[in-house]
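Chemist: Residues per chain are reported as follows:
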Amino acid sequence: MASSHVVAQGVNHAARRAHARRRVLTKLAMGVPLVALLAVFLILPVGQLLALSVVGESGFSLKQYQQLFASSVYFDVLLITLKISLLTAVFSTVLGYPVAYLISTRGGRAKERLLFWVLLAFWTSFLVRAFAWVVLLGRHGVVNKLLLGLGLIERPADLLYNLGSVLVGMVHALLPLAVLTMLSVMENIDRNLPRAASTLGARPGSAFWKVYFPLSLPGVAAGAIMVFVTSIGFFIVPALLGGRRETMITQLIIDQIQQTLNWGFAGAISVLLLVVVLAVFVVYDRLLGLSTMTGSSSARAAGAGSSFAHRIGDAILTVLGVITDALLALLPRRRRRRAPGESSRGLSVVVWTILIVMTVPAVLMIPLSFGSGGLNWPPTGFTLQWYQDVFNSPIWMQALTRSLIVGVGTGLLSMLIGTPAAFLLVRGNLPGKGLLLGLVLSPIVVPRIIIAVGLFYFFANIGLVGSALGLVLGHTVVAVPYVVMTMMAVLRTYDTRLDLAAQSLGAGRFATLRHVTLPILGAGMMSSFLFAFATSFDELTIALFASGGLNATLPKQFWDEVTLQVSPVIAAVSTCLFLFVGALIFVADRLRRPAAR
Amino acid sequence: MAASSLKISQLTKTYGDFVALAPTDLDVADGEFLTLLGPSGSGKTTLLSLIAGLADADAGAILMEGADITYSPPYERDIGMVFQNYALFPHMSVIDNIAFPLKMRKVGTAEAHRRAQEALEMVRLPQVAARFPRELSGGQQQRIALARALVFRPSIVLMDEPLGALDKKLRDHMQLEIKRIHRELGTTIIYVTHDQEEAMTMSDRICLMNAGSIEQLGTPDDLYFRPRTLFVADFLGESNLLPATVRAVAGETLDVAMGGVVAPVGGNGAAFTPGQEVKVLVRPQNLTVDAARPDDGRVTGRLAEIMVSGSLTKLYLDPVTPGLPPLVAAFPTHRRSPHHAIGDLLAVEWHSADAVAIPCAGA
Numbered sequence: 001m002a003s004s005h006v007v008a009q010g011v012n013h014a015a016r017r018a019h020a021r022r023r024v025l026t027k028l029a030m031g032v033p034l035v036a037l038l039a040v041f042l043i044l045p046v047g048q049l050l051a052l053s054v055v056g057e058s059g060f061s062l063k064q065y066q067q068l069f070a071s072s073v074y075f076d077v078l079l080i081t082l083k084i085s086l087l088t089a090v091f092s093t094v095l096g097y098p099v100a101y102l103i104s105t106r107g108g109r110a111k112e113r114l115l116f117w118v119l120l121a122f123w124t125s126f127l128v129r130a131f132a133w134v135v136l137l138g139r140h141g142v143v144n145k146l147l148l149g150l151g152l153i154e155r156p157a158d159l160l161y162n163l164g165s166v167l168v169g170m171v172h173a174l175l176p177l178a179v180l181t182m183l184s185v186m187e188n189i190d191r192n193l194p195r196a197a198s199t200l201g202a203r204p205g206s207a208f209w210k211v212y213f214p215l216s217l218p219g220v221a222a223g224a225i226m227v228f229v230t231s232i233g234f235f236i237v238p239a240l241l242g243g244r245r246e247t248m249i250t251q252l253i254i255d256q257i258q259q260t261l262n263w264g265f266a267g268a269i270s271v272l273l274l275v276v277v278l279a280v281f282v283v284y285d286r287l288l289g290l291s292t293m294t295g296s297s298s299a300r301a302a303g304a305g306s307s308f309a310h311r312i313g314d315a316i317l318t319v320l321g322v323i324t325d326a327l328l329a330l331l332p333r334r335r336r337r338r339a340p341g342e343s344s345r346g347l348s349v350v351v352w353t354i355l356i357v358m359t360v361p362a363v364l365m366i367p368l369s370f371g372s373g374g375l376n377w378p379p380t381g382f383t384l385q386w387y388q389d390v391f392n393s394p395i396w397m398q399a400l401t402r403s404l405i406v407g408v409g410t411g412l413l414s415m416l417i418g419t420p421a422a423f424l425l426v427r428g429n430l431p432g433k434g435l436l437l438g439l440v441l442s443p444i445v446v447p448r449i450i451i452a453v454g455l456f457y458f459f460a461n462i463g464l465v466g467s468a469l470g471l472v473l474g475h476t477v478v479a480v481p482y483v484v485m486t487m488m489a490v491l492r493t494y495d496t497r498l499d500l501a502a503q504s505l506g507a508g509r510f511a512t513l514r515h516v517t518l519p520i521l522g523a524g525m526m527s528s529f530l531f532a533f534a535t536s537f538d539e540l541t542i543a544l545f546a547s548g549g550l551n552a553t554l555p556k557q558f559w560d561e562v563t564l565q566v567s568p569v570i571a572a573v574s575t576c577l578f579l580f581v582g583a584l585i586f587v588a589d590r591l592r593r594p595a596a597r
Numbered sequence: 598m599a600a601s602s603l604k605i606s607q608l609t610k611t612y613g614d615f616v617a618l619a620p621t622d623l624d625v626a627d628g629e630f631l632t633l634l635g636p637s638g639s640g641k642t643t644l645l646s647l648i649a650g651l652a653d654a655d656a657g658a659i660l661m662e663g664a665d666i667t668y669s670p671p672y673e674r675d676i677g678m679v680f681q682n683y684a685l686f687p688h689m690s691v692i693d694n695i696a697f698p699l700k701m702r703k704v705g706t707a708e709a710h711r712r713a714q715e716a717l718e719m720v721r722l723p724q725v726a727a728r729f730p731r732e733l734s735g736g737q738q739q740r741i742a743l744a745r746a747l748v749f750r751p752s753i754v755l756m757d758e759p760l761g762a763l764d765k766k767l768r769d770h771m772q773l774e775i776k777r778i779h780r781e782l783g784t785t786i787i788y789v790t791h792d793q794e795e796a797m798t799m800s801d802r803i804c805l806m807n808a809g810s811i812e813q814l815g816t817p818d819d820l821y822f823r824p825r826t827l828f829v830a831d832f833l834g835e836s837n838l839l840p841a842t843v844r845a846v847a848g849e850t851l852d853v854a855m856g857g858v859v860a861p862v863g864g865n866g867a868a869f870t871p872g873q874e875v876k877v878l879v880r881p882q883n884l885t886v887d888a889a890r891p892d893d894g895r896v897t898g899r900l901a902e903i904m905v906s907g908s909l910t911k912l913y914l915d916p917v918t919p920g921l922p923p924l925v926a927a928f929p930t931h932r933r934s935p936h937h938a939i940g941d942l943l944a945v946e947w948h949s950a951d952a953v954a955i956p957c958a959g960a
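For the protein sequence lines, the chains are A and B, in the order given. 1 is the number of the first residue of the first sequence in our numbering; add one for each residue after it. 598 is the number of the first residue of the second sequence in our numbering; add one for each residue after it.
Hints were generated in silico from the structure; no laboratory data involved. Please note that the accuracy of each hint is not assured.
[As the list claims (entries may be wrong)] Calculated pairs, SDA-like style, for lysine to any residue (alpha carbon to alpha carbon, straight line, at most 25 Å): (1) K210(A) <-> L180(A); (2) K145(A) <-> G371(A); (3) K433(A) <-> D655(B); (4) K700(B) <-> K27(A); (5) K433(A) <-> R23(A); (6) K700(B) <-> R509(A); (7) K765(B) <-> D831(B); (8) K27(A) <-> K765(B); (9) K703(B) <-> L180(A); (10) K700(B) <-> L521(A); (11) K111(A) <-> F122(A); (12) K703(B) <-> I692(B); (13) K700(B) <-> F510(A); (14) K700(B) <-> R514(A); (15) K27(A) <-> Y672(B); (16) K700(B) <-> M689(B); (17) K703(B) <-> F510(A); (18) K145(A) <-> T496(A); (19) K83(A) <-> L68(A); (20) K703(B) <-> A511(A); (21) K703(B) <-> P519(A); (22) K700(B) <-> Q398(A); (23) K703(B) <-> R497(A).
[As the list claims (entries may be wrong)] Here chain B is said to cover these stretches of chain A; the calculated rule only asks that three of the stretch's residues, wherever they fall, bring their Cβ under 8 Å from a Cβ of chain B: (24) 499–511; (25) 515–523.
[Unchecked claim] Examples of chain A residues lying across from chain B (beta carbon under 10 Å, computed): (26) R16; (27) A20; (28) D76.
Ideal placement from N, C-alpha and C gives every residue a C-beta, glycine not left out.
Turn these sequences into a full structure, and let the hints steer you where they fit.
Modeler: Have a look at this one:
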């Protein structure tokens, strides 16, 4: 008995070791592709670019930095960049908050309807939206015509190329991002808490400011930092809507590369930009913790901060609550009688106004694209000429084909690399998970322009400039974090007992994957594919450098045209892109629904 | 006892410093209904997961009909499992859910569906085949999970608190259903629950677990009337545990002293010596109560509370006899129960065969 036991133990040990080895190998196979991709096409190129800033003709040199700090020009640009970004973040969160709040309180069809408009704006190309503002704010644009018609001004005002127009364009561009980020936190707030507060004697205003608002703060912070950091790396809006005094730091980098090919100086500006962005993240992490960005935890944020700041904040919220209650008390009695947690009509009006302003610029391109009188408002005549121009142009058609190929390639590659990594991050019990997650998120943190310039230098050395492969690789680097995050969210809600059940019923690993895991995850995978596709389809920064001429993608071609001249052809392309995105969101929504039946 | 279908030896599982399962031995007979019972964290679900292959053992072995399956993947074990929240595949219809294990075993579609339909009839839901799990009530989902775990005729079926999510009435009904199916199929069932009543009514044997190891393994009767430890006595059913000192030992019968009263009690199988501190277990329904007489030499107490819970009437007594804890006596509720008033001085008695001495822990 004793000896047979020993033998059995020996066999067991061998079996266990084989078992453990298989596990380690599986984990490696799931994580290595992602790590390799980011190491070769993110860390290496960016590192090279940063290194170029301190390498002169004769080794180490700080010449570039001396030039950078020699005049106040670059420092001023940095200040302008920070000012515009800060204002954009403030306006976007303030305007986005009621929208996110209303969406989070609604359910079912009403929610989907509201969300559709936010997503439509979110996915409509930055280029299309910035271009629309150029047209709307022009001397003969809708806004001037409206103001003239109302008799508010005597002759057309100069609405373009100043701080105001840049801010309008920036907030318009990034408002959807703020809404979606805040929404992810608000959706996790227990709806019963404000209700509980009201049963405990809090009037609606106090219930909101003292209970709901503090809980939603991590979302506000996350939305603000996402908008702020994206703004810092922005160039489309300031380039199209701003004047000389609204030049942002990213534009300087582009100039250095496109006009003088000065890698060293571009590298030095990149270092400056990167340091600023990282500093912002470090401050954010100190104050709130980066974990709040994923909307996973609000516990720490609630308890963070010194007790003094906490008391001040509490006092402010109390006052806000009292004021709101007093204002509500002034309303006719009939309108105050509604269940706690329910939203008022006034809020709906505000939110719909914001949503309409969010959507209208792109929509106004539709009538203009059919007008024969240029881009002046109101459109005159009817012509299909601009569409014919687009569809008969080999350049536009090639750009479209190229964008579709690169988009699909990016979607597939991101899925292939990102999905296993998401499995590993959610299910795998591995050490250094935080490190891997940090690596995955780094393409979002590092300003896109730095990645783009780094890749350009890297691709130039290995002959990938202008190739579809290079674009797919570059776009996959920036799309893969979204795929991983979407898949992680999907996997977290996935009940792993279904896999265990399948295995206990006799399904092997692959059969489980094929018959149970993938069919259930299908909708989530489809939406992350579309996410990656759309990211690539709308990507300009990398394409700006890594594609050109006949190899241009659609955004690159759009950019080249729009910086050359503002023509109705662009309005036609804008309309096509807008409708394409609308159809895409609609289809994605339809795809999702049968699974959620 | 029939041949052993599952043999577990020295099976161990730890998570870091936490010992989820201390080295454990267990034999399960063919066709037996064995219940793993215990409070949460006692190791019963860990043991079940190890048997099913859903977790890896740190040491020890699991033998199924002689074959070592300790490290076999779950899909190679011939074990069906009913999960706590059923784990029905949401994207498959009921019939596809049930046919799934058959398809995994390369049974043709037509045959698989025929047998799945049979299984549906066995759980008395033949009409829901085309529906999806979310369209069914909790009780119906439970039956589908049962049908799915049984349809491929596994030699062992594991059930992890399968009735935990159902309301009381439905639970009672499903207990009967599971017993019926067990009788009809003769499958070995290992059943996990933390509900001691459920364990008592359903099991051939109960394996009571505590803090990662087996506290006592035996028939419900054994555990209820001859608990080996105070934990078992306390966990299973309501109990009066009276501290006492052994006076004399005569075979299986002991004389014990408690608060000046000397009474004969039975032993629980352990060895006793005079002078030893013990606790005497008397179940509430084995206590008889009547008005106390002055100096009647019995355990006495004042009536503190009367509770009528449907079929049972319970009397709670504050002891007058020194050194005793509060007592509870229970008897079937009759319309004309003997009438006692709160504050009455009452005396309790029991038959010596209904009282069991249990050694105090550490003694």
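Chemist: Against this structure, judge whether each hint is valid.
Modeler: Verification of the supplied hints:
1. K210(A) <-> L180(A): holds (23 Å)
2. K145(A) <-> G371(A): holds (17 Å)
3. K433(A) <-> D655(B): holds (24 Å)
4. K700(B) <-> K27(A): Answer violated: K700(B) to K27(A) is near 29 Å, above 25 Å.
5. K433(A) <-> R23(A): holds (16 Å)
6. K700(B) <-> R509(A): Cα-Cα ~15 Å, so holds.
7. K765(B) <-> D831(B): holds (23 Å)
8. K27(A) <-> K765(B): The hint is violated at about 45 Å.
9. K703(B) <-> L180(A): Distance ~47 Å between K703(B) and L180(A) Cα, so the pair is violated.
10. K700(B) <-> L521(A): This hinted pair holds, its Cα atoms lying about 21 Å apart.
11. K111(A) <-> F122(A): Satisfied, since the Cα-Cα distance of roughly 16 Å is no more than 25 Å.
12. K703(B) <-> I692(B): Judged against 25 Å, a Cα distance of about 16 Å means the pair holds.
13. K700(B) <-> F510(A): holds (14 Å)
14. K700(B) <-> R514(A): Answer holds: K700(B) to R514(A) is near 13 Å, not above 25 Å.
15. K27(A) <-> Y672(B): Answer holds: K27(A) to Y672(B) is near 21 Å, not above 25 Å.
16. K700(B) <-> M689(B): holds (13 Å)
17. K703(B) <-> F510(A): holds (15 Å)
18. K145(A) <-> T496(A): Given pair K145(A), T496(A) is violated - Cα atoms ~60 Å apart, limit 25 Å.
19. K83(A) <-> L68(A): holds (20 Å)
20. K703(B) <-> A511(A): holds (12 Å)
21. K703(B) <-> P519(A): With a Cα-Cα distance of about 20 Å, the restraint between K703(B) and P519(A) holds, given a limit of 25 Å.
22. K700(B) <-> Q398(A): violated (48 Å)
23. K703(B) <-> R497(A): holds (23 Å)
24. 499–511: holds (count 11)
25. 515–523: holds (count 4)
26. R16: holds (6 Å)
27. A20: holds (9 Å)
28. D76: violated (56 Å)
In the structure shown, a violation is registered for the earlier hints numbered 4, 8, 9, 18, 22 and 28, in ascending order.
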